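Enquirer: Take the given structure of chain A and dock chain B to it, following the hints.
From first to last, the protein sequence lines stand for chains A and B. Every letter in the first sequence is one number past the one before it in our numbering, and letter 179, counting from 1, is 887. Every letter in the second sequence is one number past the one before it in our numbering, and letter 166, counting from 1, is 1574.
Treat the hints with caution; some may be incorrect.
[Stated by the list, open to error] DSS-like cross-link-like pairs, simulated, lysine-lysine; straight-line CA separation at most 30 Å: (1) B:Lys1566 / A:Lys1024; (2) A:Lys887 / B:Lys1427; (3) B:Lys1517 / A:Lys986; (4) A:Lys887 / B:Lys1475; (5) A:Lys890 / B:Lys1517; (6) A:Lys890 / B:Lys1516; (7) B:Lys1481 / A:Lys890; (8) B:Lys1588 / A:Lys887; (9) B:Lys1427 / A:Lys815; (10) B:Lys1540 / B:Lys1516; (11) B:Lys1475 / A:Lys815; (12) B:Lys1595 / A:Lys887; (13) B:Lys1624 / A:Lys815; (14) B:Lys1517 / B:Lys1481; (15) A:Lys712 / B:Lys1481; (16) A:Lys890 / B:Lys1566; (17) B:Lys1521 / A:Lys715; (18) A:Lys1024 / B:Lys1427; (19) A:Lys1024 / B:Lys1475; (20) A:Lys890 / B:Lys1427; (21) A:Lys887 / B:Lys1540; (22) B:Lys1540 / A:Lys865; (23) A:Lys887 / B:Lys1517; (24) A:Lys815 / B:Lys1595; (25) B:Lys1588 / A:Lys815; (26) A:Lys715 / A:Lys986; (27) A:Lys890 / B:Lys1521; (28) B:Lys1540 / A:Lys712.
To be clear, the hints were calculated from the coordinates, so they are not data collected in a lab. Keep in mind that this is a model prediction, so the values were computed, not measured.
If you want the building blocks of each chain, they are given just below.
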Amino acid sequence: MSEKYLKVAGVLAILVLFALPHFANSYIVHIGILIYSFGFLSSAWNIVGGFAGQLSLGHALFFGVGAYTSTLMLTRLGISPWIGMLIGGMISAIIALPIGVIVFRYKLRGVFFAIATLCFAEIFRILVSQMRFTGGSEGLLIPIMDSSWINFQFESKLPYYYIAYIMMLLMLSVCYVVKRTKLYYYLFSVKGDEDAASAIGVNANRYKTMAFVISAFFTSFNGTFFAQYYMFIEPETTCAIPVSIDILMRPIIGGLGTLFGPILGSFIMTPLSEIIRKVVGSGMSGVHLLVYGVFLIIICIWMPGGILPYIARTIKTK
Amino acid sequence: MRGVALSVEGMSKRFGGLKAVDSLNITVDERQILGLIGPNGAGKTTTFNLITGYYHPDEGSINLFGKNIIDFKPYEICKRGMTRTFQLARPMYGMTIIENVVVGALNKKGSLKEAFDRSEEVLEFLGLIQFKDVLADNLPIGYHKLLELAKCLATQPKLLLLDEVMSGLNHSEMDLILEKILAIRSKGVSIFLIEHVMEAVTTVSDKIVVLNYGEKISEGTPDQVMNDPNVIEAYLGDLSV
Chain A
709 MSEKYLKVAG VLAILVLFAL PHFANSYIVH IGILIYSFGF LSSAWNIVGG FAGQLSLGHA
769 LFFGVGAYTS TLMLTRLGIS PWIGMLIGGM ISAIIALPIG VIVFRYKLRG VFFAIATLCF
829 AEIFRILVSQ MRFTGGSEGL LIPIMDSSWI NFQFESKLPY YYIAYIMMLL MLSVCYVVKR
889 TKLYYYLFSV KGDEDAASAI GVNANRYKTM AFVISAFFTS FNGTFFAQYY MFIEPETTCA
949 IPVSIDILMR PIIGGLGTLF GPILGSFIMT PLSEIIRKVV GSGMSGVHLL VYGVFLIIIC
1009 IWMPGGILPY IARTIKTK
Chain B
1409 MRGVALSVEG MSKRFGGLKA VDSLNITVDE RQILGLIGPN GAGKTTTFNL ITGYYHPDEG
1469 SINLFGKNII DFKPYEICKR GMTRTFQLAR PMYGMTIIEN VVVGALNKKG SLKEAFDRSE
1529 EVLEFLGLIQ FKDVLADNLP IGYHKLLELA KCLATQPKLL LLDEVMSGLN HSEMDLILEK
1589 ILAIRSKGVS IFLIEHVMEA VTTVSDKIVV LNYGEKISEG TPDQVMNDPN VIEAYLGDLS
1649 V
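Next up, chain A with everything else stripped away, as it sits in the complex:
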């Protein structure tokens, strides 16, 4: 019975959010776009961070690769960002593969994996901010073109809203599909106990690497979206540590390893950080990180595992 209600609520939510921009002002639409973007990124991160339990602190790397690949291809070669998006995803996957192979081969688990991924992301950020080819630390501007789908540029926020929305729903479907494959069971067992999993025939390194590559591939897509939405990219906003933190905070708060946890986390944290930014102003950048910290402590103490599993537990015990 309750499952039926949930399904109805889900369909209603999808429809309401679809119709929302026609009733809301452009600020709300902007926040919606951010919620979906982060929902997408968090869900992609959740494949390796949640399903496989490998907390990557370096997803800014793939986000940055996505943003820079499509932007460079557009500005230098005049190729549509849609194609750039796909190529960026492939490049991210190609970068993630050797990182995964090496890092897992040398048995970097837990915090060591986190630090290693963080280092790779930092290497990328430093490279990008030093090379003239990528615009250095000043970043790259995307030239204004005709508002069209091919150019991935629009005068109104509406198309961005729907692109972000559909991207999030597609990412959710990807996660849904992954949850129904053997890969998911392998990942979950590795997360539970890697040695025990390998005793019963699970090639832990292979599946962890697969999860890492899949996650990187999709994360990159949103980098392209970000570039096209803001029309400006620089190392600090695309491949610095706070970007990685922004991505992983949402699944941890919403529910690590769950299907809807990352989305829920985004619906809570994204408006919150936007409101804080508005209240505090640009004078004190980084205050939203402080709030993340406080939120994380609260969640860890009262709702270990995240908000969604907490709700599920409370309903079950009632």
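Expert: Same frame as chain A, but now just chain B:
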């Protein structure tokens, strides 16, 4: 004549200055139940860790169904038909009981659906079916060893390594496991087990190997081994004083 499932020759492992396992020779025949016993710290679990690829031996060779597996990783060894349990049960938390077992069942080719079907059979066989959808976190502690066994059985091993599956169990639980071990063997699986509970190991084993300080001090049928003065001395100390 029976074929040989596992043959270990001259296997040694040193941890710093300590010889944990010293040029050990062990043979497990097909469809045999071999017991490995010895006082605490004799090197029994180390032997298992060496055979299953968790440690790498300093010397010696390990052949599984005629194939040298010395450089194989644990998952590859499992794919070749040898699966182990852990002394301390290691359920994969966050997953239900059947999902735990499914991971093992996926060791053999086939769809996820087939893996679930096979897992149900295993759970039925071990009497765990009523816990199918219980989270591993909530499984009563008395069933942890059975879950460990279920995960391993689901991989459809030809040789099963059991590390103290009967420790901490009461009499009726122990009888149940003994009965299951014999049933597993009758399906054609060889079994190599470490056990502290003497009563259990002597009733179920065809042959027993006794380790002390990493060395094999006795080998034979349960009767032979139990009457061997070396074994008595290892367990009880020198009685002639």
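Enquirer: None of the hints should be skipped; say for each whether it holds.
Expert: Results of checking the hints against the structure:
no. : hint                  : in the structure
1   : B:Lys1566 / A:Lys1024 : 41 Å, violated
2   : A:Lys887 / B:Lys1427  : 46 Å, violated
3   : B:Lys1517 / A:Lys986  : 56 Å, violated
4   : A:Lys887 / B:Lys1475  : 36 Å, violated
5   : A:Lys890 / B:Lys1517  : 11 Å, holds
6   : A:Lys890 / B:Lys1516  : 12 Å, holds
7   : B:Lys1481 / A:Lys890  : 21 Å, holds
8   : B:Lys1588 / A:Lys887  : 33 Å, violated
9   : B:Lys1427 / A:Lys815  : 26 Å, holds
10  : B:Lys1540 / B:Lys1516 : 21 Å, holds
11  : B:Lys1475 / A:Lys815  : 27 Å, holds
12  : B:Lys1595 / A:Lys887  : 34 Å, violated
13  : B:Lys1624 / A:Lys815  : 34 Å, violated
14  : B:Lys1517 / B:Lys1481 : 19 Å, holds
15  : A:Lys712 / B:Lys1481  : 46 Å, violated
16  : A:Lys890 / B:Lys1566  : 23 Å, holds
17  : B:Lys1521 / A:Lys715  : 25 Å, holds
18  : A:Lys1024 / B:Lys1427 : 53 Å, violated
19  : A:Lys1024 / B:Lys1475 : 51 Å, violated
20  : A:Lys890 / B:Lys1427  : 41 Å, violated
21  : A:Lys887 / B:Lys1540  : 19 Å, holds
22  : B:Lys1540 / A:Lys865  : 50 Å, violated
23  : A:Lys887 / B:Lys1517  : 19 Å, holds
24  : A:Lys815 / B:Lys1595  : 38 Å, violated
25  : B:Lys1588 / A:Lys815  : 37 Å, violated
26  : A:Lys715 / A:Lys986   : 35 Å, violated
27  : A:Lys890 / B:Lys1521  : 10 Å, holds
28  : B:Lys1540 / A:Lys712  : 24 Å, holds
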